[in-house]
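Protein chains in written order, with my numbering: chain A, 1 to 148; chain B, 1 to 148; chain C, 1 to 80; chain D, 1 to 80.
For the record, the hints were derived by calculation from the structure and aren't laboratory data.
This structure is a prediction, so every number in the text was calculated from the model and none was measured.
Ideal placement from N, C-alpha and C gives every residue a C-beta, glycine not left out.
Hints should not be assumed to be uniformly reliable.
[Stated by the list, open to error] Distance windows between CB atoms, simulated:
#1 Cys16(D) / Ser11(A): 28 to 36 angstroms
#2 Val59(D) / Asp8(B): 52 to 60 angstroms
#3 Ala35(C) / Arg63(A): 16 to 24 angstroms
#4 Asp67(A) / Gln56(C): 56 to 64 angstroms
#5 Glu70(C) / Asp124(B): 32 to 40 angstroms
#6 Ala17(D) / Gly40(B): 33 to 41 angstroms
#7 Ala17(A) / Glu43(D): 15 to 23 angstroms
#8 Thr128(A) / Glu43(D): 13 to 21 angstroms
#9 Gly40(B) / Met58(C): 51 to 59 angstroms
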Amino acid sequence: MRIRITPDRFSPEQILAEFLGAYREEAGACATFTGLCRGGAVRWLELEHYPVFTEGRIAAFARPIADTLLDLLIVHRVGRVAPGEAIVFVAALASHRAEAFAAVETLMDYLKTDAPFWKREMTDLGSTWIEPTALDIERRTRHEETNT
Amino acid sequence: MRIRITPDRFSPEQILAEFLGAYREEAGACATFTGLCRGGAVRWLELEHYPVFTEGRIAAFARPIADTLLDLLIVHRVGRVAPGEAIVFVAALASHRAEAFAAVETLMDYLKTDAPFWKREMTDLGSTWIEPTALDIERRTRHEETNT
Amino acid sequence: MARILFFGRLRDIAGCAMMEYAACASLLELREALARENPMLGEALDDPSVRVAVDQAMVGREAPIDGAAEIAFMPPLSGG
Amino acid sequence: MARILFFGRLRDIAGCAMMEYAACASLLELREALARENPMLGEALDDPSVRVAVDQAMVGREAPIDGAAEIAFMPPLSGG
């Protein structure tokens, strides 16, 4: 398991190449998710985190999930992100697809609503802090119920 | 929507780069799945399809799913595949993650059990045709129930 | 004449991927004719898990095939 | 002295990301002291959606903070 929080622009394909590059013969399934900064009214996003604490909280959440997998990678941008750039990339490698899909979805729901990040959107009208939607919170609650 | 059936080895990262390369400003979520040929006892897999018919059946299944997305790509190997090589790659681009995840999972369940491919495994003991497992069929049935 | 295609393990049993065959009126008649030449193939084709496409369209197991150009016998599918 | 950290919109309201502050016995006491200096901040910190970490561990809203080196106030989280 690796968790990388970075202020630098990253390329999902390059990270996928590295992730798949370490060939493990039991690997049959790799699920990924890339979260992108949408354009339209948004001029940029700004993401803030709480160094060390954020990594620690993500690691604590991810560890039991990583135990169901062959490998897990989480990359998350902080700082200013422009439309079209990747904000987050999660990849899960498993023997079979069910574990890989479940891991990526559960982690994304967690990262969206419960990991220590704060996100601000800059539009022509000014900047707004984004907080989780009711749907995000409902998805998370559903996972907690099925996971316990 | 694009469907590519190919006898050539392909690189998931290169396909992801192409897929994400066409920037669409509404795009917020990209889910992917890569199915890999496992090693261990397997020396190689051999995949067969029914040209034109296979592409047509996949397209008919995928079209209503593609309508919920910004873009959809399906790449599937045929012929001989060695351990560590990709067999299938599915990528879904959407505004939000729920549609992207649902699309990739539904398509993978379909490709595993209901798309016209036949798969043979070569081990030191000889070759065996692989047919869908009971779990594969149950997963597909579950999707059909929730989709209708 | 019609083109008969066999996929997956049916190809192994038939001993070929494709054969030209005298036209038959129905699938039932075709299966019976094939079974007379190759009883193992006849038995395999009788399995209800085997699906059939006529001229690239899925059909029921007793469909008429008069005038069909291509008949494909497909065992359970397995991709990905 | 303790280091007080503000994240997200709380940073905007506090006017800074970090302040050094005289030690308090409890979070309740700290929030009251901060509210006296900045009533808008006091109101924002009273919101039950605001979570608190003391020395990098999540704590309840009334936790003792005697001897704590770092107290972080966190509004609802939003990553990805």
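Status of each hint after checking the structure:
Separation of cysteine 16(D) from serine 11(A) is about 35 angstroms and conforms to the stated range, judged on CB atoms against 28 to 36 angstroms. Under the hint 52 to 60 angstroms, the C-beta atoms of valine 59(D) and aspartate 8(B), about 57 angstroms apart, fit the expected range. A beta carbon spacing of about 59 angstroms between alanine 35(C) and arginine 63(A) contradicts the range 16 to 24 angstroms that was offered as a hint. Between aspartate 67(A) and glutamine 56(C) the C-beta distance comes to about 47 angstroms, which lies outside the given range of 56 to 64 angstroms.
The supplied range of 32 to 40 angstroms is met by glutamate 70(C) and aspartate 124(B), whose beta-carbon atoms lie about 37 angstroms from each other. For alanine 17(D) and glycine 40(B), the hinted distance range of 33 to 41 angstroms is not satisfied, since their beta carbons lie about 52 angstroms from each other. At roughly 49 angstroms, the beta-carbon separation of alanine 17(A) and glutamate 43(D) lies outside the given 15 to 23 angstroms, and the hint is violated. Checking the proposed 13 to 21 angstroms range against threonine 128(A) and glutamate 43(D) shows it holds: the Cβ atoms sit about 19 angstroms from each other.
Separation of glycine 40(B) from methionine 58(C) is about 35 angstroms and departs from the stated range, judged on CB atoms against 51 to 59 angstroms.
Consistency note: the structure conflicts with the earlier hints numbered 3, 4, 6, 7, 9.
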